[in-house]
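Sequence order for the protein chains is A and B.
Each residue of the first sequence is one higher than the one before, counting from 1 in the working numbering.
Each residue of the second sequence is one higher than the one before, counting from 1 in the working numbering.
None of these hints come from the bench; they were simulated from the model.
For glycine and all other residues, C-beta sits at the position ideal for the given N, C-alpha and C.
With a straight-line Cα cutoff of 30 angstroms, these simulated BS3-like cross-link-like pairs (lysine-lysine) come out:
| # | chain 1 | residue 1 | chain 2 | residue 2 |
| --- | --- | --- | --- | --- |
| 1 | B | 223 | A | 72 |
| 2 | B | 251 | A | 158 |
| 3 | A | 158 | B | 185 |
| 4 | A | 72 | B | 365 |
Over the 12 angstroms line for every Cβ pair with chain A, so calculated as not near, a few chain B residues:
| # | residue |
| --- | --- |
| 5 | 148 |
| 6 | 170 |
| 7 | 317 |
| 8 | 327 |
| 9 | 330 |
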Amino acid sequence: VAVAAPSEPKRRRAETRAGAGGPRYPAWLSLPALAWYVAFFVCPLGIMAVFSFSRREGFTDIVYDFNLENYKDLVDPLYGHVFTRTLGLAAVGTIATLVIGFPLAYYLARWAKHKTLLLLLVVVPFWTSILIRTYAWLIIFDPDFPVIGGLNLLYTTKAVYIGVVYTYLPLMVLPLYAALERLDWSLVEAAEDLGDGPLRAFRRITLPLAAPGIVAGSLLVFIPLMGEYLNPVLLGGDKTIYAGNLIGQQFLLSRDWPFGSAIAMVLILSMTVVVFVYSRMASREEAYGG
Amino acid sequence: MIDPGWERNVTRRGFVAAGAATAFLAACGGSSDSSSDDKGDSADKAKGPAKLAGTLHYYNWADYVNPETYKAFTTDTGVKIKKDFFVSNEELQAKLQGGARGFDLAAPTGYMVQILADAGLLEELNWSQLPTVEKNLDARFRKLPYDPDDKWSVPKDWGTTGFVYRSDLVKEKPTTWREFVDLTKGPYSGKVTVLDGIPECVGSMLCMLGYSYNSEDEGEIDKAKQELIDLKPHLLAITSTEYKQMLIDGKAVMALGWNGDGAAVAAKKPAEYVIAEEGGEFWVDAYVIPAGAKNPDAAHGWIDYVYEPKHNSLETEFTYYGSPVKRDLLEPVMDKKVFGNEDVFPPENTLEKLEPNAVTPEGTKLRDRAWTEFKAA
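I would like the entire structure built from these sequences, with the hints used as guidance.
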């Protein structure tokens with residue numbers, strides 16, 4: 001779900017740049033990536049689309065008779081409930097990482113002395129498998145763990161939210177930093193010299209200029225969060241399901257690949273719409289900012 | 001995975017043997033024993049066991065084999081072992097159906113043997129390469145309903161689904177599902193886990209309500225679902241892999257789970273495994289050779305090797321699941337404590353209450369829906 005979508009706004013921006021008279025690169029350079037996407041993204045997506053219109057028979061057989069049953073089955077308060085909950089997780093996760101990540105990125109970009117070292121520290125968690133890092137949280141949430149253990153967070157929804165913010169924070173910080181790094185701080189100083197208070201200067205200068213970073217970071221966090229699977233299973237004790245878990249359950253437990261595919265298709269389509277609308281809105285902001 | 005007990009974390013997640021209990025309970029039917037003699041033809045037998053070499057790619061539940069057995073097998077036969085693990089029968093099926101090839105040996109649950117065989121995802125066994133199995137397999141475990149001709153599978157071990165409790169922390173001595181549920185909603189709220197298994201949870205609740213483990217009645221399944229939903233706020237976690245360690249640590253004091261895990265907890269801490277009075281599930285896990293196996297000789301070699309009573313005892317002492325080898329052959333070689341442990345080898349009259357998982361696609365669909373509602377609640 002998450003792999004290709006984030007590239008959408010980037011690709012669009014690249015086109016804009018080429019159109020704006022930038023250097024022209026030979027198109028064949030993109031062939032390996034294109035082949036990769038076609039083979040491992042477009043094809044599986046196509047297979048899933050076909051699956052979603054088919055029907056399971058018995059325990060193993062899939063009957064390819066074009067029908068809309070799976071989608072009809074999805075119109076059900078039960079699944080609406082799961083989607084709403086997932087949307088809540090993704091929205092809260094995105095806002096929380098933004099609120100926590102922005103000051104850090106701001107500090108890194110504007111004042112930090114040892115930028116490289118600090119940036120490295122942001123990236124260091126990626127050196128360890130996400131699975132192991134999530135398991136580490138189990139130790140921290142353990143009732144026997146000092147201080148935090150006393151909060152009784154283990155296997156609760158709160159634990160899922162904390163895990164999610166932890167997991168996705170670097171994905172928010174890095175694009176924010178990239179945007180703020182390029183920011184010309186003399187503009188902010190000029191605004192202040194001309195009578196803007198720090199807050200007003202922040203709102204009128206810094207925020208619009210950081211918008212591309214906010215957009216990129218939000219998409220990088222929001223989209224994978226809509227398919228979040230691991231944190232609910234490990235930190236939530238698998239007690240609450242989100243869309244990703246629902247899809248996983250269809251494929252691995254219920255073995256109803258057609259229905260699982262239909263859920264995935266709906267998720268992908270709604271994400272595409274979100275990305276499209278969001279990046280359109282953002283590009284307008286970007287135009288203002290530029 | 002992180003706890004000190006990881007090396008013994010038997011994460012077997014079985015669902016069950018279609019109809020196995022019935023056959024199993026028709027215990028000691030001697031006729032099937034003699035009929036198995038004409039299986040391997042004499043010409044094949046004359047060749048003797050195939051020479052083993054290369055690598056055995058074994059796809060299994062995690063930590064479901066005594067590490068000693070791996071070592072001894074490699075030393076004795078020269079065959080190296082490559083291991084891969086699945087967490088559910090359905091995952092195994094999904095992989096094989098998705099086209100994964102090259103596994104030489106796997107150990108799914110009975111009902112899955114049938115599904116895989118029907119889907120053409122298994123290789124037929126060559127019984128001439130299994131003389132030790134022929135000799136030592138208990139007659140009760142031959143021709144089980146999920147594999148009536150012993151064509152595709154050889155039993156690995158067997159067990160039951162019930163519940164475990166820490167007898168030092170739970171004083172009420174529960175013996176029924178109803179008590180399990182009431183205690184979970186009462187004094188032990190937040191300290192109980194259930195398996196992440198659809199048939200196990202729904203089936204156990206059905207038994208509690210006085211229905212069949214395999215009920216396909218929508219109203220009955222609905223009531224079982226409601227019991228689960230009411231139970232949910234009081235659960236610590238829904239897990240098939242972590243509950244054993246949680247019980248040992250005392251984070252959980254009760255768990256809906258499998259007998260082997262129960263016995264393993266009891267080996268470390270005061271604990272009781274209970275086959276609930278209302279009934280429950282009986283299952284058999286079996287060795288099969290997945291389609292496209294590269295080294296079926298080594299797979300046959302492994303199965304035959306572990307059917308030596310000595311080797312099989314090692315397995316039982318490690319997993320705490322029942323051995324399908326004839327009891328009189330096990331007696332002299334198995335640890336007395338394990339051999340006489342009623343959690344590992346439940347007595348006949350207890351087993352009579354149990355049913356194997358035998359649900360149909362329709363029943364499965366109803367259960368899946370109930371499970372989603374339970375999880376989404």
